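Quick note, the sequences are listed as chains A and B, same order.
Letter by letter, the first sequence follows residues 1 to 370 in this note's numbering.
Letter by letter, the second sequence follows residues 1 to 357 in this note's numbering.
None of these hints come from the bench; they were simulated from the model.
This structure is a prediction, so every number in the text was calculated from the model and none was measured.
Possibly wrong hints are sitting among the right ones.
List of simulated lysine-lysine pairs, BS3-like, C-alpha gap at most 27 Å [unchecked claim]: (1) A:46 / B:41; (2) A:68 / B:41; (3) A:159 / A:337; (4) B:41 / A:63; (5) A:162 / A:337; (6) A:313 / A:257.
Given next are the chains, with one letter for each unit.
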Amino acid sequence: MTQDYRISRRAVLAGMSAGAVFSTLPLGSARAAGSLTVGFIYVGPKDDYGYNQAHAAGAAAVKAMEVKVVEEERVPETIDVEKTMESMINLDGATLLFPTSFGYFDPHILKEAKKYPNVTFLHCGGLWHEGLPDNVHSYFGYIDEAEYLSGIVAAHVTKTKKFGFVAAKPIPQVLRNINAFTLGARSIDPTITVQVIFTGDWSMPVKEAEATNSLADQGVDVVTCHVDSPKVVIETAEKRGLFTCGYHASQAALAPKGYLTGAEWNWEALYPSLIDDFKAGKKIPGLVRGGLKAGIVKTSAYSALVPDAAKAKADAIKAKFMGDGFAIFAGPIKDNKGATVIDAGVVRGQTDIELEKMGYLVEGVIGSTS
Amino acid sequence: MDAEPPPRTALAAFIDPLAAPLAAGMATIALFGLFVAAAGKNPLEVYRLMAVGAFGSWFSWQNTLLRASPLLLTALCTALPAQMGLVIIGGEGAFVLGGLAAMAAGLPLADHGAPAIVVQVVMAIAGMAAGGALIALAGALRHWRGVNETISSLLLSSIAIAVMNQVVEGPMRDPASLNKPSTRPLPDADLIGNLPGMDVHWGLALGLIACVLAWLLMRRTTFGFAARIVGGNARAARMAGLPVGRMTVIVTALAGAAAGLAGMIEVGAVQGSANANIAAGYGLSGILVAFLARQHPLAVVPVAILLGGIGASGGLLQRRLDLPDAAVLVLQGILFVALLAGEGLPPLKEWKARISR
Numbered sequence: 001m002t003q004d005y006r007i008s009r010r011a012v013l014a015g016m017s018a019g020a021v022f023s024t025l026p027l028g029s030a031r032a033a034g035s036l037t038v039g040f041i042y043v044g045p046k047d048d049y050g051y052n053q054a055h056a057a058g059a060a061a062v063k064a065m066e067v068k069v070v071e072e073e074r075v076p077e078t079i080d081v082e083k084t085m086e087s088m089i090n091l092d093g094a095t096l097l098f099p100t101s102f103g104y105f106d107p108h109i110l111k112e113a114k115k116y117p118n119v120t121f122l123h124c125g126g127l128w129h130e131g132l133p134d135n136v137h138s139y140f141g142y143i144d145e146a147e148y149l150s151g152i153v154a155a156h157v158t159k160t161k162k163f164g165f166v167a168a169k170p171i172p173q174v175l176r177n178i179n180a181f182t183l184g185a186r187s188i189d190p191t192i193t194v195q196v197i198f199t200g201d202w203s204m205p206v207k208e209a210e211a212t213n214s215l216a217d218q219g220v221d222v223v224t225c226h227v228d229s230p231k232v233v234i235e236t237a238e239k240r241g242l243f244t245c246g247y248h249a250s251q252a253a254l255a256p257k258g259y260l261t262g263a264e265w266n267w268e269a270l271y272p273s274l275i276d277d278f279k280a281g282k283k284i285p286g287l288v289r290g291g292l293k294a295g296i297v298k299t300s301a302y303s304a305l306v307p308d309a310a311k312a313k314a315d316a317i318k319a320k321f322m323g324d325g326f327a328i329f330a331g332p333i334k335d336n337k338g339a340t341v342i343d344a345g346v347v348r349g350q351t352d353i354e355l356e357k358m359g360y361l362v363e364g365v366i367g368s369t370s
Numbered sequence: 001m002d003a004e005p006p007p008r009t010a011l012a013a014f015i016d017p018l019a020a021p022l023a024a025g026m027a028t029i030a031l032f033g034l035f036v037a038a039a040g041k042n043p044l045e046v047y048r049l050m051a052v053g054a055f056g057s058w059f060s061w062q063n064t065l066l067r068a069s070p071l072l073l074t075a076l077c078t079a080l081p082a083q084m085g086l087v088i089i090g091g092e093g094a095f096v097l098g099g100l101a102a103m104a105a106g107l108p109l110a111d112h113g114a115p116a117i118v119v120q121v122v123m124a125i126a127g128m129a130a131g132g133a134l135i136a137l138a139g140a141l142r143h144w145r146g147v148n149e150t151i152s153s154l155l156l157s158s159i160a161i162a163v164m165n166q167v168v169e170g171p172m173r174d175p176a177s178l179n180k181p182s183t184r185p186l187p188d189a190d191l192i193g194n195l196p197g198m199d200v201h202w203g204l205a206l207g208l209i210a211c212v213l214a215w216l217l218m219r220r221t222t223f224g225f226a227a228r229i230v231g232g233n234a235r236a237a238r239m240a241g242l243p244v245g246r247m248t249v250i251v252t253a254l255a256g257a258a259a260g261l262a263g264m265i266e267v268g269a270v271q272g273s274a275n276a277n278i279a280a281g282y283g284l285s286g287i288l289v290a291f292l293a294r295q296h297p298l299a300v301v302p303v304a305i306l307l308g309g310i311g312a313s314g315g316l317l318q319r320r321l322d323l324p325d326a327a328v329l330v331l332q333g334i335l336f337v338a339l340l341a342g343e344g345l346p347p348l349k350e351w352k353a354r355i356s357r
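Work out the full structure, taking the sequences as your base and the hints as a guide.
Here it is, written out as structure tokens:
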């Protein structure tokens with residue numbers, strides 16, 4: 001009778017002894033004396049054609065340097081990211097970390113920065129302020145410059161004068177992009193309107209597809225977006241025969257018939273330069289910021305659909321961004337309820353901190369922030 | 001005319017319930033090994049790394065235990081009602097609502113300078129009450145309106161998450177949380193600390209205590225006995241005069257309270273404020289844990305640690321072997337399916353009976 005149990009018992013014992021063996025095994029350490037190990041942490045998949053892919057492209061550029069890169073994707077903004085950071089520090093010997101999601105910062109990065117004062121944390125998002133630990137820095141780009149150029153390009157090809165914008169949440173970063181895109185388009189043709197649809201979260205593929213389809217049904221002929229992965233929006237728009245402008249990374253490959261241009265991060269330029277500074281022992285500022293001129297953002301190459309007039313106009317403004325500067329938010333600017341939000345004569349340059357508290361949609365945007 | 005069945009030995013009593021999970025575990029190891037082999041990785045190296053990442057050092061153990069602690073409580077949200085034959089899958093909603101209610105109750109107290117322990121106790125009570133109310137509603141709908149509790153708890157959970165999002169983006173939003181709508185943060189002094197000598201917060205201890213209490217309640221009290229009678233046959237239980245409705249509400253409320261407490265710990269020990277991050281799927285993983293533990297409150301403990309370990313080692317697989325994160329999901333999926341398939345197999349003693357026939 002007891003024979004029936006023998007296998008199980010043996011298995012239990014075998015399992016226990018295997019566990020004991022495992023727990024005494026040394027770590028296959030990735031530590032190599034003297035060389036720098038850099039950790040990259042992403043909130044979503046590395047191949048999302050969007051936010052995370054843009055960062056992964058930056059990491060790939062770092063891999064070409066003489067440093068060891070460790071990466072982890074789909075790490076939630078919970079205790080998970082704290083443990084991932086600690087695991088990279090303790091098990092991989094990382095001394096420089098790029099936790100790339102906005103929500104990693106407070107409280108997770110701040111906690112770890114206090115715990116590991118010898119590790120440097122570079123965070124994407126720009127929440128840094130005086131008084132934070134010295135080993136925390138933040139970087140971000142003025143991607144609204146590229147959005148403004150997308151708006152200019154799109155304004156040259158539209159027939160219906162109606163644009164659509166699929167956005168995640170009505171927060172300042174997103175509103176600034178919507179507004180810059182709209183202002184760019186209306187600088188060419190003030191009759192253009194931009195219908196915005198908020199999906200409520202960063203990754204809502206079903207809602208994003210529904211939103212894009214409903215925009216197409218309303219007669220919109222240019223669609224862009226600000227969600228984590230623009231893939232669904234761009235592919236859906238392509239199927240509906242709409243023009244598209246990309247975001248985060250290039251989606252040109254997804255929409256050969258409709259892709260015009262797009263606003264892209266240029267982390268593959270920024271990251272190697274940050275790491276060079278780090279290795280050279282240069283002090284990294286708390287707040288690394290910049291737009292087209294600093295090479296932190298870029299535009300997708302114009303597709304064959306973009307007419308020469310559009311290229312000329314967009315390139316002229318781009319030259320200003322690259323040169324002395326160009327203020328997108330120069331008064332008078334009204335919101336879409338008719339109230340003046342930037343008075344005539346007031347010019348809010350890119351570094352103006354007021355722009356980072358943006359809570360309105362400009363005239364010409366159809367939609368509401370609440 | 002039949003002889004008395006031979007008395008079950010202590011060993012048999014111990015191993016019988018373990019046989020199916022062990023077989024499922026081994027099948028999982030084999031299948032996942034094939035999967036990673038197909039992806040061009042050495043399965044032995046994968047398992048070695050997983051063991052190292054989950055249990056290979058004190059750091060790994062703490063990582064594992066920390067990830068396991070919310071699962072201990074959210075698993076009870078499914079395991080407790082299961083004793084009464086109810087399948088509740090709304091733990092995520094109770095977790096999120098618990099976290100939100102805890103902040104709503106804790107912030108004003110913290111503002112008035114109440115001692116940390118008072119703030120924390122009130123937060124725990126508020127979290128448990130909110131989570132308990134949500135799941136009790138599913139129980140009540142089931143008993144008095146005949147609404148399927150599985151569906152209603154799932155839908156109530158969606159509503160709870162939407163309510164949380166609405167509240168943190170509206171009435172409770174901290175105006176300083178520009179790009180990440182959140183409630184105001186708790187003062188550092190009111191945050192729940194770590195267990196002595198460990199880098200693991202008190203949630204682990206509370207989770208373990210809750211699992212033991214749940215086991216005592218269900219296996220060592222007349223209430224638990226009655227609950228399991230209802231689980232066996234609700235109609236017979238009613239005929240026998242058991243207050244099925246009241247018991248349903250109590251058990252589902254306790255279940256929701258467990259998940260609500262986990263939500264309170266998440267905001268009180270980890271996040272420091274309530275925002276969309278608290279809907280991170282702990283409630284959903286709890287369902288998995290409860291089923292893997294075959295709804296046994298004590299078995300929840302090792303299973304939660306196992307899943308915590310899988311989570312803790314997942315990062316190492318990505319970093320060392322370049323496996324995608326989805327590999328860990330595949331592993332969990334195989335484990336779950338293997339276990340459910342194993343449920344359908346007859347217990348060992350029936351095999352013996354068949355063989356001797």
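Evaluation of the provided hints:
Proposed proximity of residue 46 of chain A and residue 41 of chain B is supported: the alpha carbons are some 20 Å apart, at most 27 Å. Taking the CA atoms of residue 68 of chain A and residue 41 of chain B, the gap is about 21 Å. The hint holds against a cut of 27 Å. Between the alpha carbons of residue 159 of chain A and residue 337 of chain A the distance comes to roughly 26 Å, so the proposed pair stays at or under 27 Å and holds. For the given pair, residue 41 of chain B sits about 22 Å from residue 63 of chain A by alpha-carbon distance, which is consistent with the 27 Å threshold.
Taking the CA atoms of residue 162 of chain A and residue 337 of chain A, the gap is about 19 Å. The hint holds against a cut of 27 Å. A C-alpha spacing of about 22 Å is found between residue 313 of chain A and residue 257 of chain A, which places the hinted pair at or below 27 Å, so the restraint holds.
Taken one by one, the earlier hints all hold for this structure without exception.
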